[in-house]
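Chemist: Residue strings, one per chain:
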Amino acid sequence: MSARPTFLLDGVEVPFDPGQSVMQAALAAGRHIPHLCYHPEFKPHGSCKVCTARVDGRMMTSCTVPAEMATEVESDTEELNDLRRTLVQMLFAEGNHFCPSCEQSGNCLLQALGYDLGVMTAGFRHLFPDRPVDASHPEILLDFNRCILCELCVRASREVDGKDVFALAGRGIEKHLVVNAESGRLGDTNAAAADKAMSVCPVGVILRKREGFHVPIGERRFDRSPVSDQASDFAPRKPEATRG
Amino acid sequence: MVGAKTLTPTAEKIRRLMHYGQILQSHALHFFHLSSPDLLFGFDSEVAKRNIVGVAAAYPDIAKQGVLIRKYGQEVIRHTAGKRIHGTGSIPGGVNKNLTAGERDELLKDIYHVIAWSRGAVHLVRQLFEQHLEAWREFATFEARTLSLVRPDGAMDLYDGGLRARNADGSTIFDHADCDRYWDLISEEVKAWSYMKFPYLKALGHEDGWYRVGPLTRVTRCDFIPTPLADKERREFMAFDEGRIARSTLGFHWARMIEMLHSAEVIKDLLHDPDITGSELMAGGKREARGVGVIEAPRGTLIHHYRVDENDQVARANLIVSTTHNNHAMNIAIREVARKYLDGRKLTEGLLNHIEVAVRAFDPCLSCATHALGQMPLSVELVDAEGNQVDRLVKD
Ligand code: SF4
Ligand code: FES
Chain G
398 MSARPTFLLD GVEVPFDPGQ SVMQAALAAG RHIPHLCYHP EFKPHGSCKV CTARVDGRMM
458 TSCTVPAEMA TEVESDTEEL NDLRRTLVQM LFAEGNHFCP SCEQSGNCLL QALGYDLGVM
518 TAGFRHLFPD RPVDASHPEI LLDFNRCILC ELCVRASREV DGKDVFALAG RGIEKHLVVN
578 AESGRLGDTN AAAADKAMSV CPVGVILRKR EGFHVPIGER RFDRSPVSDQ ASDFAPRKPE
638 ATRG
Chain D
45 MVGAKTLTPT AEKIRRLMHY GQILQSHALH FFHLSSPDLL FGFDSEVAKR NIVGVAAAYP
105 DIAKQGVLIR KYGQEVIRHT AGKRIHGTGS IPGGVNKNLT AGERDELLKD IYHVIAWSRG
165 AVHLVRQLFE QHLEAWREFA TFEARTLSLV RPDGAMDLYD GGLRARNADG STIFDHADCD
225 RYWDLISEEV KAWSYMKFPY LKALGHEDGW YRVGPLTRVT RCDFIPTPLA DKERREFMAF
285 DEGRIARSTL GFHWARMIEM LHSAEVIKDL LHDPDITGSE LMAGGKREAR GVGVIEAPRG
345 TLIHHYRVDE NDQVARANLI VSTTHNNHAM NIAIREVARK YLDGRKLTEG LLNHIEVAVR
405 AFDPCLSCAT HALGQMPLSV ELVDAEGNQV DRLVKD
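Chains as they are written, first to last, in my numbering: chain G, 398 to 641; chain D, 45 to 440.
Note that these hints are calculated values from the structure, not bench results. Glycine is no exception: its CB is placed at the ideal position from the N, C-alpha and C atoms. Each hint should be verified, as a subset may be incorrect.
With a straight-line cut-off of 27 Å between C-alpha atoms, the simulated BS3-like cross-links for lysine-lysine are [claimed, not checked]:
no., chain 1, residue 1, chain 2, residue 2
1, D, K330, G, K606
2, D, K312, D, K108
3, D, K153, D, K312
4, G, K606, D, K127
5, D, K49, G, K606
6, D, K127, D, K312
7, D, K276, D, K312
8, D, K93, D, K115
9, G, K446, G, K606
Far from chain G, some chain D residues (derived; all Cβ distances over 12 Å) [claimed, not checked]:
no., residue
10, V46
11, A107
12, A247
13, P270
14, N375
15, V434
Can you make the complete structure from the sequences, with help from the hints?
Modeler: Dropping the structure here:
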């Protein structure tokens, strides 16, 4: 058995396969690096910056940096976690995230990361944007208030479903998710509940109607264990594989 | 609206358990934390002492029992809803969890203490009334029509039933009325000087149709309480002082403790019911665009009414909450206090305290903060018939 190449993650050796990113190798080895826009079935996007680590002294997004380029990676440091906390706080302040009444509560990656990083306060003044929900589709509800612009739905719709139902429009603080229909309403697209795009949202934007709160508190994904203990669930896999 | 007209037995009993847990914890909070300082120390007593910390120092056992009863109610909620606040147990068509045998046994362990402490609380209020009968009998007291839910056999039911409205003399205005068409019976008046609406019984019009809801109404207007210890206390309450306390505003506290005892007994019965651990959680039905739900919340009748559009988005909602039902009644209570404690020229600290005590008999929502360890401002203005301000007193 030939030894796989390795890099050091917070002082511990992590083996990798050629072509893997630092994130992919770390997760496959059961080591968690906080992330939001990374998804085990999709090409990296590098937009949320939550996975930023010090790779041989330089700040880089671990979801995009190839493992081959890394010798020593620092991730779980107070400095980096503090920056991550700030990013998460900004996301909470930018949208309208009311966790107690959100159907995704307990299964939401943003919320789980907030708990994991010890986000106790908003930290910033809430922007309270006005983003009406779109309930026009018979099976799916879109609650734009919670969008963190990770583009996973955009990527899934384009790459897996071949439909291009979603896109991001606008720039800077005006950036927002749009639906590819003249009316702008999901009910006027060919989106279907079985589409990959309908099951990738890490937060509570894309929801199946009539299923809310069916899983009791205590049995939801991140009730069972904190996100940092679920690294292997995020290990790279093919898009056909569904999340556990 | 899912349209599940009848829930599965497990779902209905889990929801009942959750609701009686809520009544238990809310009544304990209302009485021990928010009102007992007035009753134990006196309405004019030192403000610094008149709070739950003062009660804990002077009456440690009472304070401890209050805290533990409340905690028990919160545990019932946690086991049925997942969390003590913002739980998710009730979902359209049923519930998302039953009680596991372990959870049931954990709750059963303490329920007999809770029943005993709740009985003790009823007896404590009775003793206080015996001591202060002269002063309390008439305090902020007035005649009122009443509205409450009752079970088809006339029993107290805080979770479901038909609407019963009675005149002050006990004669019936309507009985076992269908909640689903509450608007045939109740309307709400808007007044320019208040954000709160003024509900009234349509048959009597907005001038005369106001009524009172809540524990005092429920205990005195049901035909019986369907648990033995609470019903015994109800009969004693009704007979006490020739029935005068059962019509008095401070009688709310006594009635509230009887309901707390009843809730503890209901919880015990439900915990012994095998359906509570059953696995049939959801029922279906024919989707409807409109839904009305009416329960007896801790402070009184609570009406929720929704209409949804073709996408299931809420298009219209109307809530008549307990505090709103009691709006006019609370105003009358304050007027009674003013009649007695106001000389028409000067506002006094004593008057302010008595206003708080009157409001608190109905509803801590409007006054709990005044007993908080911090302070909550209360401003009273005395205005003459021409609208000129005669006096103003602010507590901040
Ligand atoms: S809707 Fe969800 S998946 Fe799509 S961009 Fe927003 S957060 Fe990401
Ligand atoms: S997970 Fe790497 S930038 Fe978002």
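Chemist: Can you list which hints this structure breaks, lowest number first?
Modeler: 9, 10
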